[in-house]
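The residues making up each chain are set out below.
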Amino acid sequence: MLILTCPCCGVSGEETEFHGGGEAHLTREGPGADDAALEGYLFHRENPRGVHFERWRHVYGCGKWFHAARDTATLEVFGVYPAQTTSPPEDLLAVIREKRPGWTWRGLS
Amino acid sequence: MSTRLTKGGRRIDRSQPVTFRFNGRTLRGYRGDTLASALLANDQMMMGRSFKYHRPRGVVASGAEEPNALMGIGQGGRFEPNQRATQQEVFEGLEAESQNHWPSLAFDVGEVNAALSRFLPAGFYYKTFLWPRAFWKHVYEPVIRQSAGLGKAPKDRDADTYEHYYHFTDVLVIGGGLAGLAAARAAASGGARVTLLEQSAHWGGRAPTDDDATDQVEALVADLSKMDHVTMRLRCMGAGVYDHGYVLGYERLTDHLADKTGPRHRLWRIRAAQIITATGAIERPLSFAGNDVPGVTLASAVRDYLADYCVSVGDRTVVVTNNDDAYLTALALDRAGLSVPAIIDARQEGGGDLAEAARARGIRVLTGHAVAKVTGRTRVTGVKLARQTGEGAVIEDIACDAVAMSGGWSPVVHLWSHCGGKLNWDDAEAMFRPDATRPPTGADGEGFVTCAGAADGVFAPGEILQAGAAAGLRAAGATGHPGQMPDLAGPSERPLRRANPLEPVWLMPASATRALRAKTWLDYQNDVKVTDVQLAAQEGFESVEHAKRYTTLGMATDQGKLSNINGLAILSGALDTPIPQVGTTTFRPPFTPISMGAIAGEARAETFQPLRRSPLHDWHAAHGADFEPVGAWRRPYAYVRPGEDRHSATAREITQTRAALGLLDASTLGKIIVKGPDAGRFMDMLYTNMMSTLKPGRCRYGLMCSENGFLMDDGVVARWDEETFLCHTTTGGADRIHAHMEEWLQTEWWDWKVWTVNATEQYAQIAVVGPKARIVLEKLGAEGVEGEAFPFMSFQNHRLAGIDSRVYRISFSGELSYEIAVPAGQGLALWQALLDAGAEFGVMPYGTEALHVMRAEKGFIMIGDETDGTIIPQDLGLDWAISKKKDDYIGKRAQQREDMARSDRWKLVGLKTLDGSVLPEGAYAVAPGHNANGQRNVQGRVTSTYHSPTLERGIAMGLVLNGPNRMGETVEFDTLEGGTVPARIVDPVVFDKAGEKQNV
Amino acid sequence: MFDPAQAHDTGVAITTSAPGMITLRGALEDTAFKAAVEEVSGLTVPEPREIVQSGEHRLAWMGPDEALLILPRDALCDTLAALETALKGHHALVADMSDARRLFHLTGPDAALRDTLARLCPVDMRAFQLGEIRRTRLAQIAAAFWMGEEGRLNLICFRSVAQYAEDLLSDAAGKGVVLH
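Chains as they are written, first to last, in numbering that gives the first Met the number 0: chain A, 0 to 108; chain B, 0 to 999; chain C, 0 to 179.
Derived from the structure by calculation, the hints contain no laboratory data.
Among these hints, one or two may not hold up.
Dumping the calculated DSBU-like pairs for lysine-lysine here, alpha-carbon to alpha-carbon at most 35 Å [unchecked claim]: (1) B:K885 with B:K992; (2) B:K694 with C:K33; (3) C:K33 with B:K884; (4) B:K752 with B:K883; (5) B:K752 with C:K87; (6) C:K87 with B:K885; (7) B:K752 with B:K778; (8) B:K421 with A:K98; (9) B:K259 with B:K154; (10) B:K911 with B:K778; (11) B:K883 with B:K694; (12) B:K996 with B:K778; (13) C:K87 with B:K694; (14) B:K884 with B:K694; (15) B:K992 with B:K883; (16) C:K33 with B:K752; (17) B:K906 with B:K992.
Listed below are several chain C residues computed to face chain A (Cβ distance under 8 Å; list not exhaustive) [said to hold, decoys possible]: (18) G62; (19) R125; (20) T135.
The model shown is predicted, which means the values in this text are computed figures rather than measured ones.
Beta carbons are placed, not taken as given, at the ideal position from N, Cα and C, and that holds for glycine.
Between the sequences and the hints, there should be enough to build the whole structure, so can you do that?
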């Protein structure tokens, strides 16, 4: 059972305090989007063995959403960062590059 | 025979005799005895029968690894099966019964299975009961069920309580032997919070018996006990190690006591920054024919029974071994004055100094020899001696009544492995040991488990102390609490310790004949023999995981603690593949079974799950409410009066509401406040309708869809003021919809200025429904509520019965209706005032079933009935609630998908049976022909179906292929009885289509 | 289920009270918002996970944009009105939530109080500080608790599950102290 640290309130809590929200940094496709874009938005998800970016909500705590970068195989948590962003922060990416040389995730590496 | 010797016994208190019962017989033991030691002291060697062949079985071990001596302990609400007699401490009045026999332990009918054993090989059940197929349900399954299962399930409600306990520690040490004590002592030296768990009732592990280290153990325990930051628990097993340093500890609080006051078990939910597993090692049996006959015991267990309880397993004990340790047993027995007719050592070279000592005491030592076979049925009567090399030609019969065997030691690597710690095969010692370079890793990517002592394959006491302390220091350092190496006085130097190396012996004799192998047990608890594993390999079950499941090796409650390595070695031999390549099966928690009660903790009876109660709950309960679950809420289904059933109560409630006046507790409906300069914009995205144009003071019914386009919730929105909306949601939807709103605001439109508050619990909301609703409101003090002064779909603030109220004129029944919201604490007062004021009209509270019927009569949809997560508003004829003007709303793009515009979607219609009957719930409308699976084609289904007391017939709604275009057509719906019932497709609104009752 | 027959005398008493409770939504770091709240409440807007107290008034940090003002019932109406006035023109939401929650008070020996919650909440109760507020999970429901002083622990949960919470707390409090 994971421990996550909520960047919004600073609590390091066990997984049961949180709610997983799936893949991070999806771009919403609304009216005007073509079928392929809509399909990607609604249904296509990364399923990596290794580095992954996820959304979590501190549902039993401050109620806030945030992002976490995590290794799905080892469960190492590389870092957490605010929900209000469309891409992971550069310093976190540097940490991941250091720890997992050669990793890729969508357009990131 | 097995018996209690006259003096000694480290753990027993001879001044405190204890009486207990075993299979109805009253026996005596001493305080400190385990059930196993006390039974042995009473010459009760046979303690159970095996699972498959019902062979007589005696105790083989002295601790958690015991496979045979499983007992039903306790009675009635305190009965629990499959408890290990080796861990159960005796207490005054203990009740125990052995398992797997009928009618009695001594005489058992099921033993016929043993005679048939050659016809019951591995995979027998899989192979035999396949055909004919029809036999499975009525013949095979009932018969197999009779014989399946280990022990009896308890029948009574559990009389005990249990608890969880969340515990946080820097360093957790699992195992209170010499290594664990040293680790804890060192870890605590720098101030780290240290927790030490020991599954047995005693500190020190094997050290007092095998290493004469009682003084060291006592000194360490005394030191640790003085430290405030050290938590020590006996009878508390480290059950499992999980991700990020999560550990379950299983503490047995009253299992050893006659007084059962207080929680029986405590489940420790521990978070540890660092974990040291000092879990020791388990001695392996040797594989020779008849190694399951009662009296064949692990050599270490024989020593334990002698040293700890002063109990001899037998009068004449043959020791058989492949390593030096078993000589300790022979020496201990000899010193106690018991006979050791021979030590049979499979090694050609024999043992080291201990062997010399044995010879010096006149014990006969045979090297390069083997047990060909044990004789005896319910008790060992002797062994047949053979050379280890060879097929087992008998050289000599040796009479004895016990056999002490040692096949070497397996480190307990379970907890190391639970969370991914890797193992290496140590060829020299013939054991798997932890690979310190590949530990389980935690949240920071660093290892968080260290193995110490025998669990790490270290057996010399001096080394164990040092290794344990080093592990403790390292772990504490990793948590930011560096300490100093404590002064650990080693156990007094043992005089005799030049040992000869162990020699792996996986089969005894090495080339034993098939007849011998077929009587050579690997897994006692699941009755798996050497020949079974060899057969599995021969039949192609080459993966260790497959072989395990095919043979059931290691699948019983002991999870193969004794059998896995021996079985693996046999498989390795049969496959001609080295052991490390064959690999181990996965070690899964818990280490030994833990009770269901401990897992449930506080979650039982009233606190099994939280029930949500409306502010009026107690009133409902006191007035005949027959509650039904709606999500976590309990809502009155109907208020059943004496002489009524649910059905007639519902009919009465509806009739009276439509005729005069009814009250509904609508407090459970979700009430979410949405406020801010961008609230209108946000509402337009949330709902399919246009909400931003709603005038303050007005209400609008709205639909919410998911981004997939499917309908997820509905409800009435009220605009409190220019910047503030109140969103009513369904009862089950409040939390979900509030979370949905917050998700969009926090993660997509975070620059929008909108705040939300889920105010569901703040209000009691009461629906006043029926032709007399307005008069009652006026009676309570409302003014200016006539006609257009208070129009439909608006709200006003009124002071009713002295309570500040917000009154919404909305209707879910088709009647004149007001929903009155007041602070929850005032709900009962308002409810009572409404009852009083409505008394002259025969006011009646009504329940959810009346609510459902009345809404169905009006053709209103219900989320969860008409919707199932695949329904779009357009399917329900709700196109009018979808704004054509808005560029966007959540789900809009998805609703433009080709599939959503398909002309053959099932759409909502009313259904009227030709005979007036009530359609079965969920019934399908059948269509001509059959599909590819041979099932009848379908063209629709019933979504809501009720008896309408208003129309005095069945009414229903359903989704039907092209439904709205087929008005007047008759379709057939299947019934549970197998036939069909015809129903006409009609308008879903079957009552007051013009809305005359509501618009008054 | 709480069984008095099984309870140890742990000296923990459980009571409830029904003060006024006002939920404030607004950017807590915003100076104008802060000033308005401080003006009306007479309390400093708390730091993350902090609860501040002055007399009968308490102000709790519930999230980066949420605070809870706890005050005597008889001050509720005036304070709601004063907050609405003070926050006019600010992007803020003031909601009376006095009846939405139940407030429990547990009094007794410190170790017994901490162990009561250690049975129910995944929180390091031995490290829990005075003046700290923790929103977390109490068995299967959401709850928040704080200790303003030694020997008194306060806990809020939603009204509809108050009976469940009371059963849980009574049961856990009756089971005694695990770690002295």
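Hints, verified against the model:
A C-alpha spacing of about 30 Å is found between B:K885 and B:K992, which places the hinted pair at or below 35 Å, so the restraint holds. For the given pair, B:K694 sits about 32 Å from C:K33 by alpha-carbon distance, which is consistent with the 35 Å threshold. At most 35 Å may separate the alpha-carbon atoms for a hinted pair to count; C:K33 and B:K884 exceed this at roughly 40 Å. About 25 Å separates the Cα atoms of B:K752 and B:K883, which keeps this hinted pair within 35 Å; it holds.
As the CA atoms of B:K752 and C:K87 are separated by approximately 15 Å, the hinted pair is consistent with the 35 Å bound. The straight-line distance between the Cα atoms of C:K87 and B:K885 is roughly 31 Å, inside the 35 Å bound, and the hint therefore holds. Among the hinted pairs, B:K752 with B:K778 is inconsistent with the structure: their alpha-carbon atoms are about 42 Å apart, more than 35 Å. This hinted pair checks out: B:K421 and A:K98 have alpha carbons roughly 21 Å apart, not beyond 35 Å.
In summary, the hint linking B:K259 to B:K154 is supported, as the alpha carbons are separated by about 19 Å, within the 35 Å threshold. With a CA separation close to 41 Å, the supplied pair B:K911 and B:K778 exceeds the 35 Å bound. At most 35 Å may separate the alpha-carbon atoms for a hinted pair to count; B:K883 and B:K694 meet this at roughly 19 Å. Only pairs whose Cα atoms come within 35 Å are accepted, and B:K996 paired with B:K778 is accepted, the gap being roughly 21 Å.
Simply put, C:K87 and B:K694 have alpha-carbon atoms about 21 Å apart, close enough for the 35 Å limit, and the pair holds. Under the criterion of a C-alpha separation no larger than 35 Å, the hint pairing B:K884 with B:K694 is consistent with the structure, at around 18 Å. The hinted pair formed by B:K992 and B:K883 meets the criterion: a straight-line CA distance of about 26 Å does not exceed 35 Å. Taking the CA atoms of C:K33 and B:K752, the gap is about 17 Å. The hint holds against a cut of 35 Å.
At most 35 Å may separate the alpha-carbon atoms for a hinted pair to count; B:K906 and B:K992 meet this at roughly 20 Å. Interface hint status for C:G62: upheld, as the beta-carbon distance to the closest one in chain A is roughly 4 Å, under 8 Å. Below 8 Å, beta-carbon pairs count as interface contacts, and C:R125 has none with chain A, the closest being about 15 Å; its hint is therefore violated. Interface hint status for C:T135: upheld, as the beta-carbon distance to the closest one in chain A is roughly 6 Å, under 8 Å.
Checked against the numbered hints listed earlier, the structure breaks hints 3, 7, 10, 19; every other hint is satisfied.
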